[in-house]
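Modelling step: build the complete structure from the supplied sequences, incorporating the hints.
Protein chains in written order, with this note's numbering: chain E, 1 to 398; chain X, 1 to 313; chain D, 1 to 158.
Hints listed in this document are in silico derivations from the structure and should not be mistaken for laboratory results.
Just to be clear, a hint being listed does not mean it is correct.
Claimed, not checked - Derived list of chain D stretches under chain E, where covered just means 3 residues or more per stretch with a C-beta under 8 Å from a C-beta of chain E:
no.: 1; segment: 54 to 61
no.: 2; segment: 96 to 105
no.: 3; segment: 127 to 135
Unchecked claim - Derived pair list, reagent style EDC-like, types lysine to aspartate or glutamate, alpha-carbon separation capped at 16 Å:
no.: 4; chain 1: D; residue 1: K30; chain 2: E; residue 2: D229
no.: 5; chain 1: E; residue 1: K198; chain 2: X; residue 2: E284
no.: 6; chain 1: D; residue 1: K85; chain 2: D; residue 2: E36
no.: 7; chain 1: D; residue 1: K144; chain 2: E; residue 2: E50
no.: 8; chain 1: E; residue 1: K46; chain 2: D; residue 2: E65
no.: 9; chain 1: D; residue 1: K147; chain 2: E; residue 2: E49
no.: 10; chain 1: E; residue 1: K46; chain 2: D; residue 2: D145
no.: 11; chain 1: E; residue 1: K381; chain 2: D; residue 2: D134
no.: 12; chain 1: D; residue 1: K30; chain 2: E; residue 2: E81
no.: 13; chain 1: D; residue 1: K144; chain 2: E; residue 2: E317
no.: 14; chain 1: E; residue 1: K228; chain 2: D; residue 2: D77
no.: 15; chain 1: X; residue 1: K206; chain 2: E; residue 2: E121
Claimed, not checked - Okay, the calculated beta carbon distance ranges per label pair:
no.: 16; chain 1: X; residue 1: K58; chain 2: D; residue 2: A100; range: 51 to 57 Å
no.: 17; chain 1: E; residue 1: D385; chain 2: D; residue 2: A47; range: 37 to 43 Å
no.: 18; chain 1: X; residue 1: I61; chain 2: E; residue 2: P204; range: 45 to 51 Å
no.: 19; chain 1: D; residue 1: A100; chain 2: E; residue 2: G312; range: 35 to 41 Å
no.: 20; chain 1: D; residue 1: P125; chain 2: E; residue 2: E17; range: 24 to 30 Å
no.: 21; chain 1: D; residue 1: P124; chain 2: E; residue 2: P276; range: 48 to 54 Å
no.: 22; chain 1: D; residue 1: A100; chain 2: X; residue 2: R40; range: 48 to 54 Å
no.: 23; chain 1: E; residue 1: Y193; chain 2: D; residue 2: K147; range: 54 to 60 Å
no.: 24; chain 1: D; residue 1: D134; chain 2: E; residue 2: K184; range: 49 to 55 Å
Note that the coordinates shown come from a computational prediction; the quantities given were computed from them, not determined experimentally.
For glycine and all other residues, C-beta sits at the position ideal for the given N, C-alpha and C.
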Amino acid sequence: MSKITIPFGPQHVALKEPENFMLVLEGEQIQGATVNLGYNHRGMEKAAEERTYLQDLYLIERVCGICSHSHTTCYITNVEELAKAETPKRALAIRTLVAELERVHSHLLWLGVAGYEMGFETLFMYTWRDREQVLDCLELLSGNRVHYSINTLGGVRRDVSAEQRAEVMKRIDYLVERTNYYIKLATEEPTIYARTSKVGMLPPEEALRRNAVGPTARASGIARDVRKDDPYLIYNELDFKVITHNTNDVFGRLVVRALELVESYKMIKQVLNNLPEGPIAVKVPMRIAPGEAVNHYEAPRGEDIHYLKSNGTDKPERLKVRAPTLANLQSVQYMLEGGWMADVPLVIAAIDPCMSCTDRAVVWDPKKGKKQTYGWEELRKMAIDQYKRRGVDFSRLG
Amino acid sequence: MDSIIPLAQILIFPGFLFLASYGMMLQWVDRKLCAVMQNRMGPPWFQPLADFIKLLAKEVIVPDEADNTMFRVLPYFALAAVMTAMVSIPVGEAALFSFQGDLVAVIYLLTIPTVTFFLAGWSSKSPYSTVGSMRVLTQLFAYEVPLMLSLIGPAILAGSWNIAEISSFFAAHPALIPAQLLGFLAAIIALQGKLERLPFDIPHAKNEIAGGQFTEYSGRLLDFFLLAVDMELVVGAALLNAVFLGGALGLTGAAAIVLFLAKTLAITFLLALLKVLMARIRIEQMINFCWKYLAPVAMAQVLFDIFLKYKLG
Amino acid sequence: MSEFEREEQIKADLEKHFKGSVSNALVQRKNRVWAEVETAKLPEVAAWLRAAGFEYLATVTGFDEGENLGAFYHITDTHVIINLKVKTPRATPVIPSVLAVYPGALSYERELEDMFGIRITGLPPGRRYPLPDDFPTDQYPLRKDWKFVQPAGEKEAK
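Now the structure itself:
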């Protein structure tokens with residue numbers, strides 16, 4: 001049978017964000033895969049150098065919609081380290097609370113997406129409905145559903161009241177019950193098992209070699225979790241387990257995420273029950289003394305790492321953001337090759353890719369310097385040329 | 001006058017108009033049932049009709065690379081084949097045109113739409129539709145045998161290849177209907193594969209290969225394909241009703257039609273339930289499943305029916 | 001001193017093994033070690049670190065210090081982050097690739113090439129990342145002297 005090259009993206013039903021996979025198929029089996037990125041650049045690192053630390057906080061929040069709290073917390077830990085600010089204990093606890101709620105929100109979202117990608121739409125509908133509960137919690141605590149903006153330099157913006165605590169507790173109890181149902185469903189439903197087992201295999205050696213992070217690595221049996229290994233916020237005071245699984249496949253990633261949900265509920269309750277008293281923020285100076293700091297953070301999708309260099313002014317000298325997806329994409333290529341075409345969406349979804357986190361720069365061409373309007377013919381020609389360079393010839397389509 | 005009544009029957013009831021409108025209604029029932037089972041609102045009752053009219057008004061785009069004639073003609077073939085199949089299946093008390101051996105003819109006619117899906121995808125020449133059409137054909141080989149085997153059982157028992165006769169046999173011996181349970185279940189699952197619905201919607205699995213065989217289709221042409229799929233649902237449900245459930249069960253007139261509607265709705269409910277309960281499986285898993293489990297189950301039913309026939313004399 | 005025993009040990013080992021090529025080593029705080037490495041020695045140091053259990057290259061941060069360009073290699077075992085600094089002259093910026101040691105470094109190194117114009121020796125051919133294919137190859141957006149120019153005829157996004 002002859003080989004077919006299929007462009008999977010940048011616009012494709014299974015992909016929520018632009019990225020491109022060129023798949024060489026022989027029948028239904030994948031012979032080769034290449035990953036192309038960079039469709040989503042917004043120039044955040046450059047933009048951050050031109051804004052003040054406080055403005056950057058809100059810019060960094062917009063690196064990603066789902067792990068917005070992860071990025072700001074990582075950034076703000078760097079800033080507070082450089083400013084030598086003593087963040088109050090209560091603020092750290094509230095940050096931890098929001099971080100775990102965010103993890104719950106992200107993992108529930110992922111469960112739904114995984115269900116959708118394997119064609120199990122009922123799972124998708126169910127989990128996304130339950131996800132509303134945790135979004136409501138976040139709205140209750142921070143006032144926002146997606147970009148919570150709970151962090152501010154030196155602490156948090158809002159305190160947690162007794163009523164809020166009771167309400168969050170109530171919803172978490174409901175979610176615990178639902179999550180147990182999903183764990184039962186995911187492990188006992190034969191079609192889910194048939195679709196996820198032995199799919200997208202990533203043996204531990206390869207996961208290590210390709211530097212996989214987060215649930216992707218943990219599902220290959222690598223107990224790697226920044227929360228345990230290099231505790232930040234108040235994680236060293238919380239009692240939780242690092243979930244690992246040794247099947248190395250998508251099923252393992254499913255189980256790891258589902259069980260992590262349970263751990264997160266445990267942590268949320270611990271934080272809410274032992275919320276330290278005291279102020280929620282301290283003042284941080286506008287100008288920050290020269291220095292360098294690097295911090296990592298266990299985002300829902302894996303390790304997120306930020307580097308910050310200050311130069312004594314109110315603007316950072318250099319800010320570097322590395323989101324977990326970029327680290328995990330190196331493994332995707334390995335996982336795809338030799339697999340089935342039908343598993344491609346699932347394997348890609350299994351690392352929980354977030355392209356807006358991964359790409360951060362704007363496309364700019366100062367040389368052209370003028371507004372260009374392309375006619376239909378020109379656009380068509382450009383598209384054909386672009387695909388030709390990647391080995392797909394559409395020119396015969398007239 | 002003599003020629004007007006058959007013409008009206010073909011065009012209005014139980015022919016084209018009835019088939020099209022009931023097909024849309026079943027599509028709505030199916031969607032609404034799924035929605036309710038998935039905790040959603042679901043579409044209003046006129047949604048399928050609105051979709052149909054909207055698509056009719058849309059531009060038809062034929063890829064330059066595609067085989068123009070084939071591309072344009074195929075949807076009508078699919079539609080015609082499905083409608084012809086319906087002629088021999090009893091709606092209410094009797095079929096429009098019944099003859100000895102029409103069961104085989106219906107099975108044959110129901111295969112034609114699938115073949116047109118394959119040809120449609122193949123002649124569109126885009127990578128997605130090529131993969132989709134290969135899957136259509138692969139899938140055909142998986143479900144066709146269990147479907148046929150499961151339909152043969154009742155035919156052997158009734159000693160006839162005429163659908164109407166099989167119906168009246170079961171209407172006369174209702175005690176034998178439960179004995180067909182295994183074959184009925186196998187037929188329902190195979191029908192799900194024939195209709196390309198979850199968990200067997202592999203040929204047009206949207207998150208893998210976009211629209212599969214229909215990727216390049218648009219406007220009117222796509223509309224007719226979708227209508228053919230809707231009608232196939234009616235024909236499939238009506239066929240199972242006639243072959244396994246005794247058709248009108250001896251009733252006549254309006255009562256028979258009400259019974260027909262009730263039973264086809266029940267079959268649609270079963271199909272919707274299957275759709276909601278499962279994840280889409282891979283093509284090779286589907287083939288394994290159909291040959292390893294479904295075909296033997298259907299075969300067992302056939303053997304059981306031969307045995308029963310022998311016992312009953 | 002005993003507070004950061006492991007960090008001090010790593011620092012001492014680094015200085016011992018690569019005498020002369022590792023300078024300004026510093027234990028900043030718990031779990032953070034910084035060191036400056038001679039550019040040519042980078043792959044060797046990386047290989048040694050990997051063998052010592054630092055199996056993750058978390059990321060590579062490029063920087064522009066005016067006279068010198070360079071990069072930080074953040075290497076970690078999740079517990080301790082070791083930040084290796086390498087410098088290269090602005091006129092002829094070249095850094096050897098660590099791809100042989102850390103295959104995951106591919107996109108980070110391509111980013112260095114695209115954003116800072118640092119040539120990475122030993123990088124396999126491939127599509128550029130993260131800038132688009134038609135971006136001019138002599139423009140390096142993350143260098144300090146690169147300024148964003150609003151093209152005439154286009155309104156600033158509000």
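Results of checking the hints against the structure:
1. 54 to 61: With 6 residues close enough to chain E, the hint holds.
2. 96 to 105: holds (count 3)
3. 127 to 135: Contact hint for the segment 127 to 135 of chain D vs chain E: holds, 9 residues under 8 Å.
4. D/K30 x E/D229: Judged against 16 Å, a Cα distance of about 12 Å means the pair holds.
5. E/K198 x X/E284: Within the cut-off at roughly 14 Å; holds.
6. D/K85 x D/E36: Status holds; Cα separation ~5 Å.
7. D/K144 x E/E50: holds, 11 Å
8. E/K46 x D/E65: With a Cα-Cα distance of about 15 Å, the restraint between E/K46 and D/E65 holds, given a limit of 16 Å.
9. D/K147 x E/E49: It holds: about 12 Å lies between the C-alpha atoms, which stays within 16 Å.
10. E/K46 x D/D145: holds, 11 Å
11. E/K381 x D/D134: holds, 14 Å
12. D/K30 x E/E81: holds, 12 Å
13. D/K144 x E/E317: holds, 9 Å
14. E/K228 x D/D77: holds, 12 Å
15. X/K206 x E/E121: holds, 12 Å
16. X/K58 x D/A100: 51 to 57 Å: holds, 55 Å
17. E/D385 x D/A47: 37 to 43 Å: holds, 41 Å
18. X/I61 x E/P204: 45 to 51 Å: holds, 49 Å
19. D/A100 x E/G312: 35 to 41 Å: holds, 39 Å
20. D/P125 x E/E17: 24 to 30 Å: Given range 24 to 30 Å: holds, Cβ gap about 26 Å.
21. D/P124 x E/P276: 48 to 54 Å: Check passed, 52 Å falls within 48 to 54 Å.
22. D/A100 x X/R40: 48 to 54 Å: Distance hint for D/A100, X/R40 holds at roughly 53 Å.
23. E/Y193 x D/K147: 54 to 60 Å: Once the Cβ atoms are compared, 56 Å apart, the range 54 to 60 Å for D/K147 and E/Y193 holds.
24. D/D134 x E/K184: 49 to 55 Å: holds, 52 Å
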